[in-house]
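Number of protein chains: 2
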Amino acid sequence: MPKLVDHQERREAIARALWRVVDQHGWTRATLREVAGEAGVSLGMLQHYFASRTAMLIFAMEFAADRTADRITRGLATLDQPPHPRDVLRLVLTEMLPLHADARASSRMSAAYVLEALHDPVLRKQATLGLRDGRSMVERLVREAIAQGQIAPDRDPDVETDLIIALTGFTPLLELEVIEPRAALAAIDQHLDRLFGSLVGP
Amino acid sequence: MPKLVDHQERREAIARALWRVVDQHGWTRATLREVAGEAGVSLGMLQHYFASRTAMLIFAMEFAADRTADRITRGLATLDQPPHPRDVLRLVLTEMLPLHADARASSRMSAAYVLEALHDPVLRKQATLGLRDGRSMVERLVREAIAQGQIAPDRDPDVETDLIIALTGFTPLLELEVIEPRAALAAIDQHLDRLFGSLVGP
Numbered sequence: 001m002p003k004l005v006d007h008q009e010r011r012e013a014i015a016r017a018l019w020r021v022v023d024q025h026g027w028t029r030a031t032l033r034e035v036a037g038e039a040g041v042s043l044g045m046l047q048h049y050f051a052s053r054t055a056m057l058i059f060a061m062e063f064a065a066d067r068t069a070d071r072i073t074r075g076l077a078t079l080d081q082p083p084h085p086r087d088v089l090r091l092v093l094t095e096m097l098p099l100h101a102d103a104r105a106s107s108r109m110s111a112a113y114v115l116e117a118l119h120d121p122v123l124r125k126q127a128t129l130g131l132r133d134g135r136s137m138v139e140r141l142v143r144e145a146i147a148q149g150q151i152a153p154d155r156d157p158d159v160e161t162d163l164i165i166a167l168t169g170f171t172p173l174l175e176l177e178v179i180e181p182r183a184a185l186a187a188i189d190q191h192l193d194r195l196f197g198s199l200v201g202p
Numbered sequence: 001m002p003k004l005v006d007h008q009e010r011r012e013a014i015a016r017a018l019w020r021v022v023d024q025h026g027w028t029r030a031t032l033r034e035v036a037g038e039a040g041v042s043l044g045m046l047q048h049y050f051a052s053r054t055a056m057l058i059f060a061m062e063f064a065a066d067r068t069a070d071r072i073t074r075g076l077a078t079l080d081q082p083p084h085p086r087d088v089l090r091l092v093l094t095e096m097l098p099l100h101a102d103a104r105a106s107s108r109m110s111a112a113y114v115l116e117a118l119h120d121p122v123l124r125k126q127a128t129l130g131l132r133d134g135r136s137m138v139e140r141l142v143r144e145a146i147a148q149g150q151i152a153p154d155r156d157p158d159v160e161t162d163l164i165i166a167l168t169g170f171t172p173l174l175e176l177e178v179i180e181p182r183a184a185l186a187a188i189d190q191h192l193d194r195l196f197g198s199l200v201g202p
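Chains as they are written, first to last, in full-length UniProt numbering: chain A, 1 to 202; chain B, 1 to 202.
Be careful, since some hints might not be right.
Remember, identical chains collapse to one label, so a pair may be satisfied in a single copy or spanning two.
As the list claims (entries may be wrong) - In silico lysine to aspartate or glutamate, EDC-like type, Cα no more than 20 Å apart, as pairs:
| no. | residue 1 | residue 2 |
| --- | --- | --- |
| 1 | K125 | D66 |
| 2 | K125 | E62 |
| 3 | K125 | E180 |
| 4 | K125 | E177 |
| 5 | K125 | D23 |
Hints in this document: simulated from the structure, not taken from any laboratory.
Kindly produce the complete structure, drawing on both the sequences and the hints.
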């Protein structure tokens with residue numbers, strides 16, 4: 001079915017154009033018209049693929065989430081097998097922070113999407129589901145690590161999950177260069193080392 | 001100088017109108033025209049006080065920062081004297097998270113401001129200064145607590161400062177109701193209890 005493949009490719013090309021607009025010029029410039037220009041298609045063509053700005057944003061965020069998942073999957077393949085949950089959590093966190101170009105584009109999209117979602121019920125539902133999925137994935141890793149004795153049994157899995165996810169709070173500090181990437185990574189490593197009880201002196 | 005006082009009051013009324021627009025309708029609606037309507041002044045009057053949207057945003061953020069500082073000062077007065085640094089840090093964090101209406105409005109302003117700042121050099125400079133000030137205040141508290149033996153001397157003050165500030169990463173989770181306020185507060189308490197080495201059972 002070559003036609004369907006073309007459709008998906010065109011939609012992905014438009015999503016990438018939206019990321020570029022958000023990354024380079026900010027969310028307020030991410031109108032259908034601006035994105036059509038960036039994607040090199042007519043406004044009519046873009047509207048053939050996305051009936052509304054909301055539909056375009058939802059597709060672009062889902063596509064960004066898929067790409068992040070792909071990067072994590074590729075990263076997992078480079079870890080010791082089976083991977084240690086500490087390494088998996090570190091990988092997930094580093095892919096969610098704006099530490100390289102792809103992750104930065106996703107991170108900016110995501111931050112803007114959350115703000116827009118506060119005032120748009122359809123976006124809000126999608127954004128909430130996305131954040132809940134991310135939280136559930138981290139919670140599963142934490143619970144498995146507790147079950148397997150890699151995290152002390154007296155740690156509360158809900159609290160530890162939330163503390164790990166809070167580390168995405170480095171995003172504005174990194175974006176505005178208040179802290180450097182190596183400082184964010186040092187703090188993440190410190191937090192995970194303590195969680196996994198492997199804090200032996202230098 | 002009654003004229004000067006009037007000016008400041010008018011500017012603050014406009015800043016509050018901007019917060020309401022951002023809080024209720026989102027950043028993309030926060031145009032000069034929309035804010036003038038919300039403040040009940042003409043567009044020309046608003047432009048008399050703020051020559052540009054950027055000037056208005058900078059004033060509104062500075063005013064928001066002042067109000068947050070006022071809330072923290074009022075909170076400090078309710079703590080044991082002299083206040084324990086753990087309690088001060090908890091107060092600062094809870095005032096930075098969207099846990100009540102005023103803090104929520106500031107938090108939404110701040111998140112949108114950071115995103116806008118990425119693509120506007122003037123805003124960027126202001127936003128960076130604001131974040132650096134906040135980080136310095138937390139770092140000073142952490143260093144004092146280490147010096148006074150309230151935090152163990154082997155803790156790295158830079159890493160601990162960054163880990164505390166990262167807790168503002170609960171913002172999107174709270175805004176989208178992925179976690180409840182009491183879960184965020186439980187995680188903050190757990191983190192501070194460990195930092196201050198006072199983890200004794202309930």
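Quick rundown of the hints versus the structure:
no.	hint	in the structure
1	K125 <-> D66	within (18 Å within a copy, 34 Å between copies)
2	K125 <-> E62	within (13 Å within a copy, 33 Å between copies)
3	K125 <-> E180	between (34 Å within a copy, 17 Å between copies)
4	K125 <-> E177	between (32 Å within a copy, 11 Å between copies)
5	K125 <-> D23	between (24 Å within a copy, 18 Å between copies)
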